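Taking the hints into account, I'd like the entire structure generated from these sequences.
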Amino acid sequence: MKQTLSRFFPYVLIVTSLVVLWLSPLQIQSNFTDTLPKSVTDSEWEAGYQKLEQHLQKQVVFAVEASTQENSQLLTEFIQSLSTSNLFKNVIYNLEDSEKKSLFAFYESLKGQMLSTEDRSLLLSNQYEKIKNKRLAEVYSPFGMMPLGDLKSDPFGFHNRFLKDFASGQFAQDAEGRFKITQKKGKSYYIVRAIIKDNIDEKKLLKLYGDCKLRFTQNDQQFLALAAQLYLAKGNQLAMTEASVIGGLSLLLILLIFLYFFKNIKQLYYVIILISTSVLSALALFSLLQSNVHIISLIFSVSIIGLVVDYAIHLFAHNNDGSAVKKIFKPMTLALISTCIGYVLLYVSGLKVIQDTALFSVVGLVVGYVCVLFWSPLKNVQIKTTTNVKIDFIQKKHLWALLVILLGLPFVKFVDDVETLRPTLQQLYSDEQAMQSIFGISNESGYYLVKGASVDQLLLAEEKFKAPFEDPVVSLTSFLPSSQQRTQNWQLINDFTTSQSVFLKELQLGSVTSLQYNDLGQKHLDEFLKLEILSNYYLGKLNDGNYYSMLLAPLKEAVTSKQANFYDRLGDYSNYFKNLRQKVSLIYIIALLTIMCFLMLFMPIKKAVMVLMIPAVSVLFSLIVCSLIGPLNIFHTLAVILVFTLGLDYCLFFIFAEQKHTNSVRLSVFISVLTTLSGFAVLVFSSTPAIQSFGAMVFFGLCFVYLIAKTFLSEQA
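Quick note: the sequence shown uses my numbering, first residue 4, plus one each step.
Please note that a few of the clues may not be correct.
Within a straight-line C-alpha distance of at most 25 Å, the following computed PhoX-like cross-link-like pairs (lysine-lysine) qualify [as the list claims (entries may be wrong)]:
id	residue 1	residue 2
1	LYS190	LYS206
2	LYS237	LYS114
3	LYS329	LYS610
4	LYS210	LYS167
5	LYS61	LYS610
6	LYS333	LYS610
7	LYS416	LYS206
8	LYS269	LYS92
9	LYS104	LYS167
10	LYS54	LYS114
11	LYS200	LYS216
12	LYS104	LYS92
13	LYS167	LYS61
14	LYS114	LYS92
Label-pair distances were calculated between CB atoms; the ranges are [what the hints assert, rightly or not]:
id	residue 1	residue 2	range
15	LYS269	ASP204	23 to 29 Å
16	GLN439	GLY548	51 to 57 Å
17	HIS58	SER124	29 to 35 Å
18	MET243	GLY633	32 to 38 Å
19	GLY633	VAL15	31 to 37 Å
20	LEU217	ASN582	42 to 48 Å
21	ASP100	LYS526	16 to 22 Å
22	ASP100	ALA437	42 to 48 Å
23	PHE601	ALA437	56 to 62 Å
24	VAL248	PHE472	27 to 33 Å
I should point out that these hints are in silico values taken from the structure, not numbers from a laboratory. As the structure is a prediction and not an experimental result, all values here were calculated from the model. Glycine residues also receive a C-beta, built at the ideal position from the N, C-alpha and C atoms.
The structure is reproduced here in structure tokens:
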């Protein structure tokens with residue numbers, strides 16, 4: 004009965020795990036930023052930051068070249084396709100009649116209080132003659148934009164001038180009512196904004212983008228899209244594809260290595276069952292504990308395949324006399340406990356991706372450990388030790404060449420900028436650059452969050468904040484001055500028209516008494532702020548009782564004041580990674596000391612120190628090599644735990660090998676290294692920097708571990 008249970012319990016675990024996963028499917032999460040903390044530095048601005056982030060993430064802005072009638076027809080079809088795609092809550096491409104009436108009523112009531120930036124500057128410096136000449140040239144030019152009827156109430160066209168400035172920006176409308184961008188390099192662009200629904204199908208969004216891009220391009224028409232969601236969807240798609248390819252290639256390489264050494268399909272079958280049992284058990288436990296796991300966690304957790312397979316290899320290598328379990332029990336148990344200590348300590352890092360990796364790995368390793376020790380079919384498998392593989396190719400004298408690498412330690416530098424972890428999505432990046440050119444936004448521009456106790460206080464805060472900036476700032480006050488500035492504008496215009504009363508009388512243009520100050524009512528203001536054209540700037544009243552808006556200004560003049568805070572989510576993430584890296588480094592030191600104390604219970608101090616120092620030195624070598632390839636990041640740091648724990652396993656088996664079984668241990672460690680490296684070598688070719696960095700660090704680290712351990716420990720075995 005006991006023998007029967009031993010033979011079938013891995014199959015029972017596999018079936019049970021599949022049933023659990025079927026009843027409680029595990030969702031694969033691919034948005035890395037969702038795993039990061041959402042808090043900001045100043046909690047007082049928390050509500051505003053969350054609203055701003057939600058606004059930016061849910062919006063897609065399309066810019067479409069439409070200079071001919073044929074272009075316009077294709078644009079119309081494009082807008083219709085957006086409206087019927089079921090991906091968007093709202094598609095904004097023109098102003099409704101009610102919005103046009105609201106705009107007209109609002110601005111008509113503010114005649115004499117609206118000034119363009121240029122006019123305000125000239126009036127403040129009393130350059131009346133210059134203003135007068137410029138307005139006369141505009142009014143009486145054959146191409147003048149000002150209706151003569153407006154001269155009665157606005158003799159020098161200040162209100163008209165403001166509207167002209169307003170129309171030259173992002174929201175000018177053509178005859179068909181679509182939003183139009185000023186011509187750039189002889190091309191006209193129409194702007195369409197779409198608000199994404201919650202929980203959309205990312206595949207459909209990418210297909211829509213790809214289809215539209217192809218269609219407009221075939222018509223020699225530029226089509227651009229700018230959206231955080233597009234970057235996210237494309238990155239997720241790339242991660243899922245790479246996970247499948249990388250996982251498949253890793254497993255294939257491992258199986259080919261086994262097939263080469265074992266030369267027996269039946270033995271290979273047992274290894275596949277062992278891997279499946281460990282992985283499925285870990286996935287099943289995850290589905291019971293939480294509803295999702297990140298794709299990066301799964302890719303990182305490929306390490307358990309290498310570790311579980313290593314346990315099986317060591318068992319096979321000692322099966323010559325039927326006492327394999329007894330021979331490997333002590334080193335394998337010490338290796339398991341040491342590895343689990345490292346993962347448990349890493350769990351306190353606080354980064355969900357790493358916490359999931361640690362939990363997944365510990366569960367998988369424990370299941371694999373139990374299977375290797377108690378699954379009876381494994382005990383009848385042997386490695387053919389007569390295979391022609393030369394593994395004695397490292398001598399101590401070669402170690403001095405490796406030590407020279409230590410000279411590179413001063414050049415090891417970490418870069419915590421989260422931008423370096425962004426996947427290479429060249430087409431979307433090109434769209435972003437082109438869109439910035441059209442909107443007149445540079446890479447040195449960024450978002451600021453402005454707060455006020457009331458709408459008017461919000462506008463006043465924006466104006467104070469904008470004052471030091473020389474470059475244009477896009478903001479809510481580009482369309483609506485504060486009551487303080489409206490009063491000042493009215494006084495400036497009144498002073499000007501009064502001083503020019505003789506001139507006005509001669510031209511019979513009207514009377515200055517028609518310029519009257521109009522104090523906006525809250526209801527009128529609220530109606531205006533509901534317009535779609537202002538949704539890019541006005542965030543409204545939030546839970547903390549304050550009103551918030553966003554503005555776009557040059558970063559080179561970035562300041563944080565009582566009026567505004569710089570919105571720097573990427574900077575927040577970069578600081579988080581920096582703090583996490585420092586925290587993890589401290590964890591590694593604690594883990595090293597903890598494992599050393601543990602190992603000293605079972606072996607002499609000298610051997611315990613040697614077992615720990617070999618993977619530690621290998622980590623340094625690996626960091627140097629990786630720094631020569633490119634900048635180091637947080638995922639190089641996180642990969643250290645794998646280099647250390649895997650290297651620790653190899654060293655323990657060398658240390659505890661009996662003299663008569665030295666060749667078996669050398670061969671088993673060699674095959675273990677090959678199977679593990681074959682898994683991580685594939686990660687180096689990923690286009691996702693996080694995965695690429697992780698794979699490179701583990702690959703080079705394990706190479707160094709094996710070379711150094713083979714040199715120092717195999718002769719002592």
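Now for the hints, and whether the structure bears them out:
1. LYS190 x LYS206: 31 Å, violated
2. LYS237 x LYS114: Violated - the C-alpha atoms of LYS114 and LYS237 are around 48 Å apart, more than 25 Å.
3. LYS329 x LYS610: Status holds; Cα separation ~21 Å.
4. LYS210 x LYS167: Violated. LYS210 to LYS167 sits at ~39 Å, over the 25 Å cutoff.
5. LYS61 x LYS610: Judged against 25 Å, a Cα distance of about 58 Å means the pair is violated.
6. LYS333 x LYS610: Holds - the C-alpha atoms of LYS610 and LYS333 are around 15 Å apart, at most 25 Å.
7. LYS416 x LYS206: Given that 25 Å is the threshold and the Cα spacing comes to 38 Å, the pair is violated.
8. LYS269 x LYS92: 56 Å, violated
9. LYS104 x LYS167: 18 Å, holds
10. LYS54 x LYS114: 33 Å, violated
11. LYS200 x LYS216: Satisfied, since the Cα-Cα distance of roughly 21 Å is no more than 25 Å.
12. LYS104 x LYS92: The hint holds at about 24 Å.
13. LYS167 x LYS61: 30 Å, violated
14. LYS114 x LYS92: 36 Å, violated
15. LYS269 x ASP204: 23 to 29 Å: Violated - the Cβ-Cβ distance for LYS269 and ASP204, about 44 Å, lies outside 23 to 29 Å.
16. GLN439 x GLY548: 51 to 57 Å: 35 Å, violated
17. HIS58 x SER124: 29 to 35 Å: Roughly 32 Å apart at Cβ, these two residues keep to the hinted range, so it holds.
18. MET243 x GLY633: 32 to 38 Å: 24 Å, violated
19. GLY633 x VAL15: 31 to 37 Å: For GLY633 and VAL15 the Cβ distance comes to about 46 Å; the hint is violated.
20. LEU217 x ASN582: 42 to 48 Å: 44 Å, holds
21. ASP100 x LYS526: 16 to 22 Å: 20 Å, holds
22. ASP100 x ALA437: 42 to 48 Å: 33 Å, violated
23. PHE601 x ALA437: 56 to 62 Å: 58 Å, holds
24. VAL248 x PHE472: 27 to 33 Å: Violated: the Cβ-Cβ distance is about 48 Å, outside 27 to 33 Å.
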